[in-house]
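Protein chains in written order, with numbering that gives the first Met the number 0: chain S, 0 to 342; chain C, 0 to 335.
Think of the hints as simulated: they come from the structure by calculation, not from any bench. Glycine residues also receive a C-beta, built at the ideal position from the N, C-alpha and C atoms. Errors might be hidden in some of the hints.
The calculated lysine-lysine pairs, modelled on DSS-like cross-linking and capped at a C-alpha distance of 30 Å, are [stated by the list, open to error]:
#1 C/LYS32 to C/LYS197
#2 C/LYS128 to C/LYS197
#3 C/LYS1 to S/LYS270
#4 C/LYS32 to S/LYS270
#5 S/LYS270 to C/LYS10
#6 C/LYS10 to C/LYS171
The following residues of chain C were derived to be distant from chain S, with all beta-carbon distances above 10 Å [said to hold, decoys possible]:
#7 LYS1
#8 ALA77
#9 GLY121
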Amino acid sequence: MRTAPPEMIASISDLHVHFPVRSPFLFGKSPGVVKAVDGVSFDIRRGETLGLVGESGCGKTTIGRAILQLNAITSGSISFNGEDLATSSPEAMRKLRRRIQLIFQDPYASLNPRMSVGRAIAEPIRLHNLRQGEAAITDRVKELLSLVGLAPTYMSRYPHEFSGGQRQRIGIARALACEPDLIVCDEPVSALDVSVQAQVVNLLQDLQARLGLTYLFIAHGLSVIQHISNRVAVMYLGRVAEIGERREVYANPRHPYTRSLLSAVPIPDPKVERARRRIVLQGELPSPLNPPKGCRFVTRCPIAVAHCAQEAPPLTPSASGSSMAACWRSSEIDDLLPRFAAT
Amino acid sequence: MKPILTVSGLKVRFGNEQSGVRAVDDVSFTVGKGETLGVVGESGSGKSVTGLSLIRLISKPGRVVGGSIDFDGRDILAMSDSEIRDVRGREISMIFQDPMTSLNPVLTIGRQITEILEVQEGMRGGRAKARAIELLSLVGIPSPERRLGDYPHHFSGGMRQRVMIAIAVACKPRLLIADEPTTALDVTIQAQILDILKNLQREFGMALILITHDLGVVAGMADRIAVMYGGRIVEQGSTDCVFEEPRMPYTVGLLRSTPRLDRPDEDRLTPIRGLPAEPVGQANFCRFAPRCDIAQQLCLREAPPLRQVRPDHMAACHFAEDVPTLLHTSSEAIAL
Ligand SMILES: Nc1ncnc2c1ncn2[C@@H]1O[C@H](COP(=O)(O)OP(=O)(O)OP(=O)(O)O)[C@@H](O)[C@H]1O
Ligand SMILES: Nc1ncnc2c1ncn2[C@@H]1O[C@H](COP(=O)(O)OP(=O)(O)OP(=O)(O)O)[C@@H](O)[C@H]1O
Ligand SMILES: [Mg+2]
Ligand SMILES: [Mg+2]
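Generate the whole structure from the sequences, applying the supplied hints.
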């Protein structure tokens, strides 16, 4: 077992999560395998926000669910506060479970439609015995509701009576009810419109400062990730393409995928939008059932060379040492692709 | 040129006159052939209900209680059930906000696409299957021929959304209502999908109502923009006008609460304070007033009508003329 250094709240080490899939009806009999997460390692530092960004289907949610023990791990390990999650006792596991919470991507699916909001938030408080007596539980529910900016009178309402943004706040209140250390925020603001998004982002930042929380913040919005994260990991098809200090990754991206992402982010100004030059990705989206050998990005990469299709590039540190990128051409990338195409 | 869609005074209410939610409250707009109207606004402001009411998909306890919807000379609200079913999917199509509730979990993706081709276009067998593969590759699903037999739960959120788009454009509709179509997607795919939508528009003049919370997306896509708040359109105009000089404090608030990639050092976002109140009961006041930084007594006494403030630009604010000064929104000020 690998022991995490003390400042690390969680360590993910060579994680693989594979899903067997039924063979498609027309082809062959052998079942395929989706390598949703295929060799990912990173640490989460206590008190930080680590942003996890990347394409739909690249494995972000799978990593989040693996940390929460909701997905079986194929190989590799995840430790929390130095304890390997796979080998902890059931009793220790039960305690750990409470301290890692999830805010879901889909606020609709995460709430039981037949349970009032008050009961939904009270449920984990009861389950983990965090408050004793009905009055104390009700007080705590009210406190949590106002903590996330909802009127305590909403307690008796049902999920369908709320709009998307309100449901997401309920999800946050429910997660906070467990008094966690680490919250995996899986696209917590992507379904929200901007004024509410700004409130939730500020809310998450305030709660972090107040309660000393650590966030693994999963999003596809590069602007939100830039705003909220201390460090950023960019994933592509089950692997980390680039990881490092937020400033370094945004100002000096060394992976062509990161550069394409940054060039594609819409900016709320029609004049800026009209004047922008985008790196338009061509080529086939690889199937996770049959990922390219060599670099996973090779089928869409604008600067790929023959070698890229042969051998997967390892993560290598930048000159400053504050980021790592997995690209064979990262040292010459400034001559090949624009750095940041905002203007 | 006559618009393809004219909505006037549309009202949709959930519940009764006194205590019901006025989800859509006297909304009027037009969409021209091939034009893109961007609809933005707060969660709960009535964007989806507006979209759904255009194809008469409002379910109880909601109902349309006023106004008219004219689609290419035909009155949508007066159509029989079988007439509206004919329009739905073939002439007006909608990409729904929540892809999981709109895909059938027990049917394969392939079947869901061939079904609509069968029902709407009379396409069957190999032809329908070939077209389904074509549609899936159009929206960037890898190895589409191998994914036809998969069920929705085999796909990630973003891939389900792409399947929804494939289904929505299967019959080349004349008007597509896209409710947050790229929200779950990676930006490189978003850029591709927005390109696909633009191409579909160019190819057969499809008009598009694009509902989104991403002001960046409307900035790049929309010819005109409508900002909704509390069931009403509170600002409307050409995209350039509205972004250049917003005249409704709510729109200013939206722009200021958006993190921008080109402003890496912004410490903290400036959200709009407070919470949106549900639009219940008659509003003889501005519904945004409780959250507004420049509200006056007048705003609590009288609802501001949506009125022309300059060419191609309407706003529903008593003080629309003063907004640029009071909220320091000349373009330089916003950029700071
Ligand atoms: N239970 C499952 N069975 C089979 N395949 C699965 C399962 N869960 C996930 N996958 C596959 O694993 C891959 C990663 O999925 P995951 O949900 O982690 O992606 P994601 O990065 O969170 O995407 P999104 O941004 O769309 O939410 C996808 O190819 C997905 O289809
Ligand atoms: N089935 C329903 N029953 C009661 N009220 C409803 C129902 N559906 C919608 N509403 C109400 O109608 C109003 C408008 O909802 P709508 O879904 O159109 O908002 P929206 O602008 O699409 O929000 P979001 O950005 O969260 O999707 C909200 O106040 C909502 O609570
Ligand atoms: Mg996900
Ligand atoms: Mg909606």
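Each hint tested on the structure:
{"no.": "1", "hint": "C/LYS32 to C/LYS197", "verdict": "holds, 13 Å"}
{"no.": "2", "hint": "C/LYS128 to C/LYS197", "verdict": "holds, 25 Å"}
{"no.": "3", "hint": "C/LYS1 to S/LYS270", "verdict": "holds, 28 Å"}
{"no.": "4", "hint": "C/LYS32 to S/LYS270", "verdict": "holds, 24 Å"}
{"no.": "5", "hint": "S/LYS270 to C/LYS10", "verdict": "violated, 35 Å"}
{"no.": "6", "hint": "C/LYS10 to C/LYS171", "verdict": "holds, 29 Å"}
{"no.": "7", "hint": "LYS1", "verdict": "holds, 26 Å"}
{"no.": "8", "hint": "ALA77", "verdict": "holds, 30 Å"}
{"no.": "9", "hint": "GLY121", "verdict": "holds, 25 Å"}
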